[in-house]
Structure formats: C-alpha cells, structure tokens
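Dock chain A against chain Z, hints included.
Protein sequences, first through last, are from chains Z and A. Heads up: the first sequence begins at 1 in my numbering, then just goes up one per residue. Heads up: the second sequence begins at 1 in my numbering, then just goes up one per residue.
Because the hints were derived from the structure by calculation, they are not lab data. Treat the hints with care, since some could be wrong.
Sample of chain Z residues at the chain A side, in silico, Cβ under 10 Å [what the hints assert, rightly or not]:
1. Thr39
2. Leu46
3. Val184
4. Thr185
5. Val187
6. Ile194
7. Pro195
8. Asn196
9. Ala202
10. Thr325
11. Val329
12. Asn406
13. Ser407
14. Arg450
Glycine included, every Cβ here is placed at the ideal spot set by N, Cα and C.
Spelled out from the first residue to the last, the chains are:
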Amino acid sequence: MAEIYTAFMTAVSPESLLASIMGVALGIIFGALPGLTPTMGVALLLPLTFTMKTVEAFSMILGMYVAGVYGGCISAILIGTPGTVAAAATILEGPKMTAKGESMRALEMATIASFTGGIFSAVVLIIFAPALAKVAMEFGSPEYFALAFFGLTVVASLTSGAILKGIISCLIGLFIATIGIDPVTGVLRNTFGIPNLFSGVAIVPALIGLFAVSQVMVSVEESLCGVIIKETTESKSKLSFSDLWISKWNFLRSSAIGTIVGIIPATGVSTAAFVAYSEAKRFSKTPELFGTGTLEGIAASESANNAVTGGAMVPLLTLGIPGDTVTAVMLGGLMIQGLAPGPLLFRDFPVVVYGIFIALLIANIFMLIQGLIAIRFARRIVLIPTQILMPVVLTLCAVGGYATNNSVFDLALVAVFGVLGYYMMKNGFPLAPLLLAMILAPIAESNFRRTMMLSGGDPTALVESPIAAGVLLVSLGVLIKTVRDEFIFYKRQAKTSVAA
Amino acid sequence: MHFSIVHRALGILIIVAALVFTASLSDAKYPERPINVIIAWGAGGAPDTAVRIIGEDIQKKFGTTLINIPKPGGGGAPSTLDLIKARPDGYTFCMTSLSVLAVLPQVADCGFTINDFQTVAQTHLVPQAISVATKSGIRTFQEFIQKAKVEPGKYTIASFGPLSGQRLFLALCFDKLGVDIPYISYDTVSALSAAMLKGEVTASLMITNNHLPFVQSGEFTLLAVTTPKRLPEYPDVPTTVELIGPEFSNYAAYGIIAPKKTPKDRIEAFQAQLKAALEDPSLKARFEQMQMPAAFAPAEAYKERLDQYYEMFGKAVNLLKIKK
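Chain Z extracted, bound-state conformation (with noise of 0.2 Å):
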C-alpha cells in the first residue's frame, strides 16, 4: 500500500504532471499531422528523458503515446487524411459526417470515445496484467493466421452490397502485399529490381494515397463542376447524452477488442480498428447506415484503438515483449532508465511500476481534456474554402508520405495509390479492403508458412490449438453469414423489380 502511495505521489507531482501535458500536447499535433507518428513521437522524445525520472519520463512518454493514437481523427474526420493508421477506420464515416455538418459531432464522440477505450485499458492493465500476459503467450504462429484470417474475412461484412466489388478491391490489396522479400526464402518477390520496393510497399503512403489524395480529386473535380459538398458554417450540431448512453455497449465491446489485440504482439491499431468497426456494424441495428456518416463507426473505431495502449502495456511490463512499434520503443527507454521489463520489474520496481500505470491513467484524463479545447480550435478548418483547403491538404499529404521513411519514392507512391483510389471510388470499389488486405496479408502469409514449416507441411496443425481452431471457425460463419445475407438480398430485390 505505501508503495501505490509513493507511486502515486510521484505521478501527480508537477514534474510528471507538467510532463504529462506537454506529452499529451505534442501527441496530439503527431497524431494529426499525416506523416509523424506516434512512435516517431516517443522516438524523438526519448534522449530527453534520459536524465530524467523514471515515473516522470514515462508521463511524458504515455502522454505522447495515448494522445498520438487518438489526434490521427482530427484530421481524418476534418479533412479526410488520415493523421495515422489508427485513424484508417474512422476514415470510413468522419468525412461523411462532416460533410453533412456534423464535425463537431463527430469530433467529440471521437475523443470521448478514445478516452473510454484509453481508460478502460488502462484499467485492465492494472487489475489484470500478469494473468493476461499468460493468455498472449498462448499465442503462436497458427493463432496469429487465425486472427489474420478473421480479420479478412472482415472484408466481406465491410463491402456488404457490392460484395464481388469488395473482394476485387480485398485481392488487389492481396496482390500489393506479395511485392518485397519472401518472407521465407528470401527470394525477390515483384519487385522489378526497385530497391525501394525490396521491403514491401509501406502502408503510411499508400494509405495517404487511397484515402486522402483520391479525396482531394474528387473534391476538386466537385467544385470545379460547381457542387457545394461541405458545411459552409461552423458545426453547431452537438453530442448528446443519449449519443453516449446508446454507445454503451459499443464502447464497451470495442474497447475489450482493441484492448485484446493490443495485448497479442505484433498486431496493431488499424486491426484492432477496423474489427471493432465491423463489429459494431454486425450488432448495429442500423447496419445500412455504416459508411455513410454514422456515430456508432466513429465510437467503435476510435475506442478500439485507444484501447490498444493499455493492452499493449501489459505483455511489455510483464514479459518485456512490445506489443506494437511504439511500445517497442518505450523498451528501449526503459533499459535506459536501467529496467529490464519482464516478470522480475513487478517484484524488484513496484513504486516504478504502479507509478507508470497512474501515469497512463493521467495521460488518457489529459488526452480528454487538452483534446476537447484542440478540437475547438481545429473545427474551423471546415470553414476554409475548398479551393483553399484542397492544395493544403494535398501538401500535408505529400509531407506526410514523404517523412515516414524520408523517402521520394514513397511521394510517388501516395500519388499512384491516389489516382487508384480515384478511379476505384468513382468505380464504386470500397478502398478499405484494399487497405485492409495490405496490413493483413503480409501477416497472415508469414504465420501461415511459419505454421507449415514447423510442422512439416501438416495443415491440421492449423486447427490444433482450441484457440486457433475457435477464431477459424467464427470466420467461417461470419463468411458464410454474410454470403447468406447477400444472397438473400438479391434474390428480394429480383423479385421486387420482377413483381415490379
């Protein structure tokens, strides 16, 4: 108990609180600002706070961290660029809603619904840490296909109406993430002798491309055709209790989502995303409305990934295994401060420890705070002309594309990947399949190989595992679920225009 209080007093000192703030602060600028990330964020942090204190180094850190994955929506709702890949879900409905005048809406479901997910992961972190470490462990290759598979077959309850369009969209994708290094043989795999291309097409500039600079054409094509498609006045409309009483169970289901994929490694916010939005959508009573502006995405989307900083705390702080790129590099702050995470920082560094979990506690109060005043500020953006706000975003869009890897090469790619997501969109192809099927392929492929080759080529040890067995066969039936669904679809509506 009086290590909680000396933790806790540490925490709360001004030095961490101060740290907290400016972490939170300069989050949320990472986070909208398409190109810095997060973990580009926690990475330039880190040699500042080498002299500092460990509970207040990580204020600043966590600060960074949780305020990085929230401020991606800003952008991504306001100006449809996605700030960060968290965002890559929000992007489905934010525009939309601001497009019919209902940013402001959009923004505050988007930060009270980041700050749920923040808080109740950062409680799950706290009460349950060491027993869930042992559940990710159970995780191996055959585990993470199953949790890829599933998460493609995601595609197909994204894209229900259009659904051949859907999976055309799903293998394009399929196909981009075939270019680079074969993850196990080495071999060359469509790289045309591009020596940018020997690691894959890397997700930040395709992801600009596809979702921002199509918009951007699309919008100037618009305005030059003389369409007014965007509020001309501030927002006025607000959130509503009712609006967050009707999220309960939403909150609460895609937190408990981003939080679980937050603690399997290697997996990511964009997942944890984009199964929380189709989850909300599966248990929506409104399904039709997803995709075209509905609160229910928004709240699903954005807590699922605040939701995966807590989660992917606890395999760091108890195996001292990250569960994503920027807990990665806390690992590294970490033994800075001369801590090894891992079971043994519980027993020898409690002050430490409880001291983070506070410190996480804050940056997510922070978060709410400082993001409900950014918010306020940044709803003008609306209110910029479209001939003036297009080039803009088009500039952020080839900064953002550019800074990730500090590469020209990338600029190229946000402009191909923009003119694709144009004619795809004008096409009626859904973009996020193609995207989707980017981030998870590449994941899917290697566990599958590394599944076949530790087993000598047997499949059946795909199923061995009740876990893996379990998530193979929930995709299974949503598959078969939403083919049903679609079939049925068509045949009323045959009947109809034959009744007709």
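Okay, now just chain A, sitting in the frame of chain Z:
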C-alpha cells in the same frame, strides 16, 4: 560613371576575398555546418540512438552537429543508395551494418556493390548468442546438435529476416556440423521471444541483449556466443569458434560509410571525432548500458571486416542457393 570601375574592382576584390576566406575557413575548419547521418533503420531503433549519443558527445567536444536521417526499409538498400548518390563533400555519411553491406549486393540487384562507397569507421560490435528455451531440457550446444542429428527437422532455430547475416551464419555453421536444423524467420524480437517462451521454436540466434531478460528469469539457457572470445559477463558460455572452428564468429558490426569520392582529409577529420567520442569512458558506459559495446576501428579495419564478411556470406548464399 567613373566610379563604376572602382566599384567593379572593389566588387571583384570583395568576392575574391570572400572566396579565399571561405576556402581557407573550410580548409581550416571542417565541419563548418551540420553533418547528415543517414541511418539504415527507423527512428528510435538502436542504431538511431547510437548516432544520437555519438552526436551529443561530439557536439560537446568539437561543436559538430549531427543530423539523424532515419531511412528504414528495403533491407537497407535505400539508405545505401541515398548515400552513394549524395554529394561527396564530407557532409553526408551513413550508419549501417555489415549485414546490409555484405549480404544484399550478393542476393539482389540492389543498385550498389561494396566498391561504391568507402568506409569511415567501425562504431560498435554487438555480440550475439544462441539460446534455447530452458524447458526444452537442452543444456549444451553439443547436446542440441546431437539431438537434431538423431531427429532431423524436429528442432528448429529462429532469428530475424530471410536475408539476414544471422540466417547465413547459421547456414554455414550447420553445414560444417552436418546437421539439418530448419531456420524460422521472425519479424521482431517480441514475436521471436514469445515463440521461444511458448516452445514454438527450440533455439534462437539474437544479440545477447535480447536474451538477457529471459536468461535472468531462467527461461532461456545460453548455449553459445558467436564472438571470437568468451564474453566477460558469460564466462561459462563457449564460443562458436571453440565449438565449430576458427572462422565461425560473427558480430552485428555497425559502422559509418561515406560516398566514394569524399576527400580523404574530411574522412580522416570525421573519423578522428568519432574516435574521440567512442573512446570516451562516459560514452562507452552509455553504449554498454544499451548493450552495444563501442568498438571504434579505423576505416581500413572496418573495410577488412567488410571484405571478410562478404566472402563468408558469399559462401552461405551459394549454399542456400539464393544467389542473384
């Protein structure tokens, strides 16, 4: 108007003077502006941190500012290509490792060969080790090899990437020992460590730092280190040189390279600053803390190591039939 000639003469004089002045300045005082250091890995990784620590030190000692330019991806090819295309004026260098420089040109048309750049200095040598999960019951390297010979394919070894120095080194070791131990590649330390803990793979080859927490908690047992001599912190763990043969040692060998035509005096000047930094006890301690022992060596020595690794990895590339 008659002033104009004077003006012109004056103008020319000023320009000449300025040129002479800057020329003498640049001769006397290199570097006169910040130096870019391209890094073959992402921001926040160990090599990025290494350059930051070196940068802080030479900033203090010489006032030289280093700018980190992380350029991850592509197996290190894009970073090397940026370097060889950079202006050879002593203001662009690249922090890279021999597992990039000595492997990629042999397996792919990556746009560079080992003759397209020059070495500046070796910065640090990271020792690596082979461990098994303690619950496998294996206690020694010999026991591991024996068991693998009796039941080929049952025991596996993991490391990172299908084209890494680690994979190639292991291929050479197992070829010499006449044993078939499948190599499994993982993407991250976390995925690999988790696989070891779960018992998915038997053994792993990683830098010693990655094994450390699990060795301390008793979950991993070190079988061998891949250094030429035993490590002071693990006096009981044999080396692969003792176990297999004199040529079987391999470090993750990091260093700085420069564009091919960079003037010799600038290379030497930068090398001298790196030497002063890397041999400073306080920097050595910080590097040690991050488990990447500073090991300054001059350009020639690093080049020699590069050639040696190039030949060694070349054999492995032939063995695995992944030659381009």
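Hints and how they fare:
no. : hint   : verdict
1   : Thr39  : holds, 7 Å
2   : Leu46  : holds, 6 Å
3   : Val184 : holds, 6 Å
4   : Thr185 : holds, 6 Å
5   : Val187 : holds, 7 Å
6   : Ile194 : holds, 9 Å
7   : Pro195 : holds, 4 Å
8   : Asn196 : holds, 5 Å
9   : Ala202 : holds, 7 Å
10  : Thr325 : holds, 8 Å
11  : Val329 : holds, 4 Å
12  : Asn406 : holds, 5 Å
13  : Ser407 : holds, 6 Å
14  : Arg450 : holds, 6 Å
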